[in-house]
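Line order of the protein sequences matches chains A and B. What the first sequence shows, in our numbering, is residues 2 to 569, in sequence order. What the second sequence shows, in our numbering, is residues 2 to 569, in sequence order.
It is worth saying that the hints were derived from the structure and are not from the lab. Just so we're clear, the structure is a prediction, and the values are computed from it rather than from any experiment. Among the hints, a few may not be true.
For chains that are exact copies, the list does not tell them apart, and a pair is met inside one copy or across any two.
No farther apart than 20 Å at their CA atoms in a straight line, the calculated lysine to aspartate or glutamate pairs in the EDC-like style are these [as the list claims (entries may be wrong)]:
| id | residue 1 | residue 2 |
| --- | --- | --- |
| 1 | Lys558 | Glu141 |
| 2 | Lys569 | Asp51 |
| 3 | Lys559 | Asp401 |
| 4 | Lys559 | Asp542 |
| 5 | Lys53 | Asp562 |
| 6 | Lys558 | Asp401 |
| 7 | Lys558 | Asp542 |
| 8 | Lys230 | Glu33 |
2 protein chains.
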Amino acid sequence: MSRTDVAQFAIGVDYGTNSVRALVVDLADGSEIATHVFDYPSGENGILLDPKNHNLARQNPADYIKGFYQSVGGAVRKARRVAGFSPHRVVGIGIDATGSTPLPVGADGMPLAMDKRFRDNPDAHAWLWKDHTAAAEAVEITRKASRSKYRYTSKCGGMYSSEWWWSKILHCKRTAPKVFDAACAWVELADFVPAFVTGNLDPRTMARGICAAGHKAMWNEAWGGLPSKRLLNGLSPGLSRVAEQYADRTMTADRKAGLLTDEVAKKVHLPAGTPVAVGAFDAHMGAIGAGVRPGTLVKIIGTSTCDITVWPLSEHLPDIPCLCGIVPGSVLPDMYGLEAGQSAVGDIFNWFVRHVACGEPAGAADGHAKLTAAAERLKPGASGLLALDWNNGNRTVLVDARLAGLLVGQTLHTTAAEIYRALVEATAFGALTIINRFEQYGVRIDEVVNCGGIAEKNPMVMQIYADVTGRAMKISRSAQTCALGAAMAGAVVAGKKAGGHATFAAAQKAMCGLKPKVYKPNAAAHKIYKELYALYSQLHDAFGTTAWKGNLHNVMKKLLDIRNGARK
Amino acid sequence: MSRTDVAQFAIGVDYGTNSVRALVVDLADGSEIATHVFDYPSGENGILLDPKNHNLARQNPADYIKGFYQSVGGAVRKARRVAGFSPHRVVGIGIDATGSTPLPVGADGMPLAMDKRFRDNPDAHAWLWKDHTAAAEAVEITRKASRSKYRYTSKCGGMYSSEWWWSKILHCKRTAPKVFDAACAWVELADFVPAFVTGNLDPRTMARGICAAGHKAMWNEAWGGLPSKRLLNGLSPGLSRVAEQYADRTMTADRKAGLLTDEVAKKVHLPAGTPVAVGAFDAHMGAIGAGVRPGTLVKIIGTSTCDITVWPLSEHLPDIPCLCGIVPGSVLPDMYGLEAGQSAVGDIFNWFVRHVACGEPAGAADGHAKLTAAAERLKPGASGLLALDWNNGNRTVLVDARLAGLLVGQTLHTTAAEIYRALVEATAFGALTIINRFEQYGVRIDEVVNCGGIAEKNPMVMQIYADVTGRAMKISRSAQTCALGAAMAGAVVAGKKAGGHATFAAAQKAMCGLKPKVYKPNAAAHKIYKELYALYSQLHDAFGTTAWKGNLHNVMKKLLDIRNGARK
């Protein structure tokens, strides 16, 4: 690959669930000239688990720091082999991370887990987004926050999640008071890394992103920032200390968090003083990298999904019940960021292959390939099966972690491939439910852009999504939209004068693209899936809501009718 | 093994789904001195299938004839090696068979399928009990028969099944009129074999058993035998010809069908003139062989179950809705025979092992062993799973073939062994539903005796049945209760003078027994299963009935609560 003499670059650093990736991108056309991945060394695939408590998921903050050095350093080293690249042409760095992944920090702003007193205490480590230990706290926060004067939960769909900031911190305060007391402050991973690499770890003045604050900590200008001292101390006396050790303002990702310190710069072979953007969540940066704009829904499909769209701040937007979040500036600075999601998608397919259908985890990749090949040959409706995609609860629109999976329609002839396909279809029905919710509240969805490994590698899944939703499924050109979006933030904070981009819109125009393959809905398949979706909705409401009244006597019979029709 | 000089024997011949077994039994103590099994050579495991129509299941009648010669001949040959046995000491033969398995016969009384014109026509073969091609006819017969003056369906639970005599014959008349027209008469397999081996194949005078007639052909003395000409011709003009080519009376299994012909006797190395009992269904003979009496429920657990008990003719017995049948004399001559059943039990476990969990059918036996070993270690309720046992429809109490399986409560951690156990539990809940139905109508169940391979070989299944039902599970001593019961019929038709037994009660006293191992319910497990059964009943009614109204919002949450409690 060869670059022009004037080529400029940015680096996006994407902190995922199991690894961190750095990506070096050409600002002229978005081409990705080098990438380096660092797998978190601690725990199981980077996650600290507790065999006695499936709900617990923590991470070692030391992995994050080492991960920055290794991933960015490695990517720069690889990029140097590309003609036209030079570290001096890296105009900026952007960082995204999973979240809500809060970590307690000490007086020096460094993670408590790196203090030898707390090295072996999982509660002093980072509380990974998928940690579900704080279910009871989430229920309590939802109840109290919804009743308070400001209806703090109105911007997060009326429900506060066990995966989020306050639930986790409150759970820590109650179950690990020594950790809580030793913590001077709490920081989101997405804010910690920019703060660390730019050398400002003071919890009161560090750059706190609106993305994490708005989506997970109930930050909103309408009530002057974080929830009131009264609410917090009403949950647990002294909890307000966490808010006191927070910033007075939050920032969008087009703003600078600071400049790369000498020490960090040296370790990653970049010039000191390189600007670093305010951090944001992976999905939000990914949406930018996939070209999100009003009317475009970006689906980031992985183990779970994050579904993101935006809506101009200048236009009216009602509160949309049961969305994960509506936060001004959380994706693009001049737009509401709207976030929904499915608690499990790829995780459901993996579960079925690893735990049910194929015995040994060793055969998982092979299992997916075999089952996909067999499932692809099946006709819509021909299995007579229908599933609910709730094996990990339901994030949108039911916002209920205490739900579970369901499969109905099994006969004595049902095959593993049929079940596999039914699980894929279930996630597609879940996806359609989210699209419908957006549109019911006036947020139109004209285009769906998919990102992530499943979208790229599994045409069957994408065709089923097109057939179920009756919409074309487009695929983002980049396989690393989160890192790409982060790199775009790096370009924007550098600014046009420094060789970056003036705005996200300009960066998207230059750097985003779609793959040529578009999955278009098949009319006949869509017709059958409409019938199945009606049954899905019936099960959804019967098992997921308290208002529904009826019986389900029609379900198995209708599935048989659809099956008999489909097999003709 | 050595016998006394005065030992007497009977032979039971049991026509199963895939093979026929002959059993030589000592009348003094029920000891089984020789057995021989003949696998039906035609089709797949003896069943003629249609890859395009999963509902079709036929058998080649030639296999039945060859099967009698081979199984009885083989058993006698083996018995001759036992000291004390001689063919002249065989006092009688009893025959049982699957059903309703009707076959069309020609002018000579021989199966139409053995006529070369019809050799390749599956409709001219035997319509095996599990053939479900006549679903539409069953619905129509139920409707018309229930409305008629005599409420013909009142003795079969209000529903006429697609597996039964008139449904199949009507379906043949409509879809294969050439076969129907060429058939001089129709005969149940359980009647055909005794008729053939005793040389009276005349459809008007051959011995027709009350068991097949009463349970499957709506024969009842209350309306003078078979349903009226009017009903039959109302279903299809000319259908009444089948009733005209039937006997005027039916007989209980303590009656002689006739004497073994010279030709047949020669082929099986027995004396000509050996008395042969009137035929009955396998499960009914099995119930006798397991020691059925008032208060005893015999569960014959195989691919499906047949649940049989009896009630004195002298005591009041109401019509019990949704039982498969209530027929005077169908099991014991002086008792009502009450039959219920589950459409699939072992078939569900086989399905899961073969089609879902273990990939290749080759590994099925190993799969069962592995999954059972893992499932056995699980605590009741600890998986958070609940299933409906309807993969093959529901025979009792919903009498609905158009139902299907259901599994709820799956998470991302659910294992194949947990699902396997949930399927076992589901069949136990189905079993409890049947027991409850009997007792609700005053037929008390004091004792449960289980027969069949699963009951003998899988202690986990039996313990779960005990824990779910809160009742001790006993196991029949004989592994071949159907053939044993048939042999007892042979002993009874021989009579006491000829060295047989005077009555079934006398035969049972001498020849039946239980295994020493009794599975007793564990109180703690029963308590948890009571909670799960309440949820099972909720799903049962929601999906299986039209009257139920409500929602199922509690189901997944309650399963989680039970799970969390069980894991403590």
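Right, here's what the structure says about each hint:
1. Lys558 / Glu141: This pair counts as between: shortest inter-copy Cα distance 17 Å, intra-copy 41 Å.
2. Lys569 / Asp51: between (51 Å within a copy, 15 Å between copies)
3. Lys559 / Asp401: between (28 Å within a copy, 14 Å between copies)
4. Lys559 / Asp542: Answer is both: 17 Å inside a copy and 17 Å across each meet the 20 Å cutoff.
5. Lys53 / Asp562: between (45 Å within a copy, 16 Å between copies)
6. Lys558 / Asp401: Answer is between; shortest inter-copy Cα gap is 10 Å, intra-copy 29 Å.
7. Lys558 / Asp542: both (19 Å within a copy, 15 Å between copies)
8. Lys230 / Glu33: The answer is neither: 46 Å in one copy and 83 Å across copies each exceed 20 Å.
The structure fails to meet hint 8 from the earlier list, while all remaining hints are met.
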